[in-house]
Amino acid sequence: MNEAEIMPASLEVTREARLKWLMQQYGEKIFHLVSLTVKNHALADDITQNVFIQAYRHLDQFRGDGQIKHWLYKIAMNESKKHFRSWSFRNIFPTMDDHLGDLMNRQANNQVEEEILNRVKREEIVTYIQSLAPKYRQVILLHYYEDLSIAEVSDILSVSQEVVRTRLHRARKQLKETMSKEVKG
Numbered sequence: 001m002n003e004a005e006i007m008p009a010s011l012e013v014t015r016e017a018r019l020k021w022l023m024q025q026y027g028e029k030i031f032h033l034v035s036l037t038v039k040n041h042a043l044a045d046d047i048t049q050n051v052f053i054q055a056y057r058h059l060d061q062f063r064g065d066g067q068i069k070h071w072l073y074k075i076a077m078n079e080s081k082k083h084f085r086s087w088s089f090r091n092i093f094p095t096m097d098d099h100l101g102d103l104m105n106r107q108a109n110n111q112v113e114e115e116i117l118n119r120v121k122r123e124e125i126v127t128y129i130q131s132l133a134p135k136y137r138q139v140i141l142l143h144y145y146e147d148l149s150i151a152e153v154s155d156i157l158s159v160s161q162e163v164v165r166t167r168l169h170r171a172r173k174q175l176k177e178t179m180s181k182e183v184k185g
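If you're matching positions, the sequence shown starts at 1 in full-length UniProt numbering and goes up one per residue.
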């Protein structure tokens, strides 16, 4: 465990101070992970807040038998899953996603050409990843972007390591197929 994983002993005095430390240490990482998972920055902001609310409520229940970062990732993935199961996601967001995509495309066209060229490849990869089903997107993000082992991803998502391996295999296969279609098309 590195130094960032160990909460300073002085912060054990108040829960509020511990929460503030967690938010400073992991807020940006959690937001980034959730944002890539749900594909909507405003929604990711709300979910990230929910993650830290849940962490605050259950801070005393963290046993310390794993890394606190993984505990927060697990909360983040569970909160993201709640979003995907919600009525609003199934009934409202499909049309909003199209509108947000159009808005983002218009904004991208207004940016400086050099900046666009530097980001094109990365954006293409993110777009391909975001086209995956949520269960595949989660394993890709946790394994490759957060650099977690299959065992760690398994623990965070509460599935077996074999399920993680299968989802990674299927996600990579879908990404490869999608990318090859884009090149041919």
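Derived by calculation from the structure, the hints in this document are not laboratory data. A couple of the hints might just be wrong.
[To be verified] Lysine to any residue pairs mimicking SDA-like chemistry, simulated, CA-CA at most 20 Å apart:
(1) LYS20 - HIS83
(2) LYS29 - ASP147
(3) LYS81 - LYS20
(4) LYS39 - SER131
(5) LYS74 - TYR144
(6) LYS135 - LEU36
(7) LYS39 - LYS74
(8) LYS82 - ASP147
(9) LYS181 - SER158
(10) LYS74 - MET23
(11) LYS74 - TYR56
(12) LYS173 - ILE150
(13) LYS81 - LEU132
(14) LYS135 - HIS83
(15) LYS135 - SER154
(16) LYS135 - ARG165
(17) LYS173 - ASP155
(18) LYS176 - PRO134
(19) LYS82 - LYS20
(20) LYS173 - GLU124
(21) LYS181 - SER154
(22) LYS82 - ARG63
(23) LYS74 - ASP45
(24) LYS181 - THR127
(25) LYS81 - LYS181
(26) LYS176 - GLU124
(27) LYS74 - SER160
(28) LYS82 - TYR144
(29) LYS82 - ASP60
(30) LYS82 - GLU124
(31) LYS81 - LYS176
(32) LYS20 - PHE84
(33) LYS29 - THR14
(34) LYS29 - GLU146
(35) LYS39 - TYR145
(36) LYS176 - VAL159
(37) LYS39 - ALA151
(38) LYS81 - ASN40
(39) LYS39 - ARG137
(40) LYS74 - GLU124
Evaluated hints:
In summary, the hint linking LYS20 to HIS83 is not supported, as the alpha carbons are separated by about 25 Å, beyond the 20 Å threshold. At roughly 12 Å between alpha-carbon atoms, LYS29 and ASP147 fall within 20 Å of each other, so this suggested pair holds. At roughly 25 Å between alpha-carbon atoms, LYS81 and LYS20 are farther apart than 20 Å, so this suggested pair is violated. Of the supplied pair hints, the one linking LYS39 and SER131 holds, its CA atoms being roughly 10 Å apart against a limit of 20 Å.
Taken as a hint, the LYS74 and TYR144 pair is honoured in the structure, with Cα atoms around 16 Å apart against an allowance of 20 Å. Between LYS135 and LEU36, the direct Cα distance comes to roughly 12 Å. Compliance with the 20 Å bound is thereby established for this hinted pair. Of the pairs offered as hints, the one joining LYS39 and LYS74 holds, with about 18 Å between alpha carbons and a cut-off of 20 Å not exceeded. Pair hint LYS82 plus ASP147 does not hold up; C-alpha atoms about 24 Å apart against a cutoff of 20 Å.
Pair hint LYS181 plus SER158 does not hold up; C-alpha atoms about 33 Å apart against a cutoff of 20 Å. Note on LYS74 and MET23: the hinted pairing holds, with a Cα-Cα distance of about 15 Å set against a maximum of 20 Å. With a C-alpha separation of about 14 Å, the suggested pairing of LYS74 with TYR56 holds against the 20 Å cut-off. For the suggested pair LYS173 and ILE150, the alpha carbons sit about 17 Å apart, so the restraint of at most 20 Å is met.
Straight-line distance between C-alpha atoms of LYS81 and LEU132 comes to about 14 Å, which keeps the hinted pair within the 20 Å bound. Straight-line distance between C-alpha atoms of LYS135 and HIS83 comes to about 13 Å, which keeps the hinted pair within the 20 Å bound. Between LYS135 and SER154, the direct Cα distance comes to roughly 12 Å. Compliance with the 20 Å bound is thereby established for this hinted pair. Restraint check: the Cα-Cα separation between LYS135 and ARG165 comes to about 12 Å, which is no more than 20 Å; the hinted pair holds.
Our distance criterion of 20 Å between C-alpha atoms is broken by LYS173 and ASP155, whose separation comes to about 23 Å. Taking the CA atoms of LYS176 and PRO134, the gap is about 17 Å. The hint holds against a cut of 20 Å. Of the pairs offered as hints, the one joining LYS82 and LYS20 is violated, with about 25 Å between alpha carbons and a cut-off of 20 Å exceeded. With a C-alpha separation of about 16 Å, the suggested pair LYS173 and GLU124 falls inside the 20 Å cut-off, and the hint holds.
This hinted pair does not check out: LYS181 and SER154 have alpha carbons roughly 31 Å apart, beyond 20 Å. Under the criterion of a C-alpha separation no larger than 20 Å, the hint pairing LYS82 with ARG63 is inconsistent with the structure, at around 24 Å. The hinted pair formed by LYS74 and ASP45 meets the criterion: a straight-line CA distance of about 17 Å does not exceed 20 Å. Of the pairs offered as hints, the one joining LYS181 and THR127 holds, with about 14 Å between alpha carbons and a cut-off of 20 Å not exceeded.
Between LYS81 and LYS181 the CA atoms are separated by roughly 29 Å; this puts the pair beyond 20 Å, and the hint is violated. Proposed proximity of LYS176 and GLU124 is supported: the alpha carbons are some 13 Å apart, at most 20 Å. For the hint pairing LYS74 with SER160, the CA-to-CA distance comes to about 14 Å; that is within 20 Å, so the pair holds. Between the alpha carbons of LYS82 and TYR144 the distance comes to roughly 23 Å, so the proposed pair goes past 20 Å and is violated.
With a C-alpha separation of about 23 Å, the suggested pairing of LYS82 with ASP60 is violated against the 20 Å cut-off. Using a Cα cut-off of 20 Å, the hinted pair LYS82 and GLU124 is violated, with the two alpha carbons roughly 27 Å apart. A C-alpha spacing of about 25 Å is found between LYS81 and LYS176, which places the hinted pair above 20 Å, so the restraint is violated. Using a Cα cut-off of 20 Å, the hinted pair LYS20 and PHE84 is violated, with the two alpha carbons roughly 28 Å apart.
Between LYS29 and THR14 the CA atoms are separated by roughly 23 Å; this puts the pair beyond 20 Å, and the hint is violated. Under the criterion of a C-alpha separation no larger than 20 Å, the hint pairing LYS29 with GLU146 is consistent with the structure, at around 9 Å. Our distance criterion of 20 Å between C-alpha atoms is met by LYS39 and TYR145, whose separation comes to about 15 Å. Of the supplied pair hints, the one linking LYS176 and VAL159 is violated, its CA atoms being roughly 24 Å apart against a limit of 20 Å.
At most 20 Å may separate the alpha-carbon atoms for a hinted pair to count; LYS39 and ALA151 exceed this at roughly 26 Å. Taking the CA atoms of LYS81 and ASN40, the gap is near 14 Å; set against the 20 Å cutoff, the hint holds. Taking the CA atoms of LYS39 and ARG137, the gap is about 11 Å. The hint holds against a cut of 20 Å. Distance hint between LYS74 and GLU124 is unfulfilled; the C-alpha atoms sit about 27 Å from each other, more than 20 Å.
Comparing the model with each earlier hint shows violations of hints 1, 3, 8, 9, 17, 19, 21, 22, 25, 28, 29, 30, 31, 32, 33, 36, 37 and 40; every other hint is respected.
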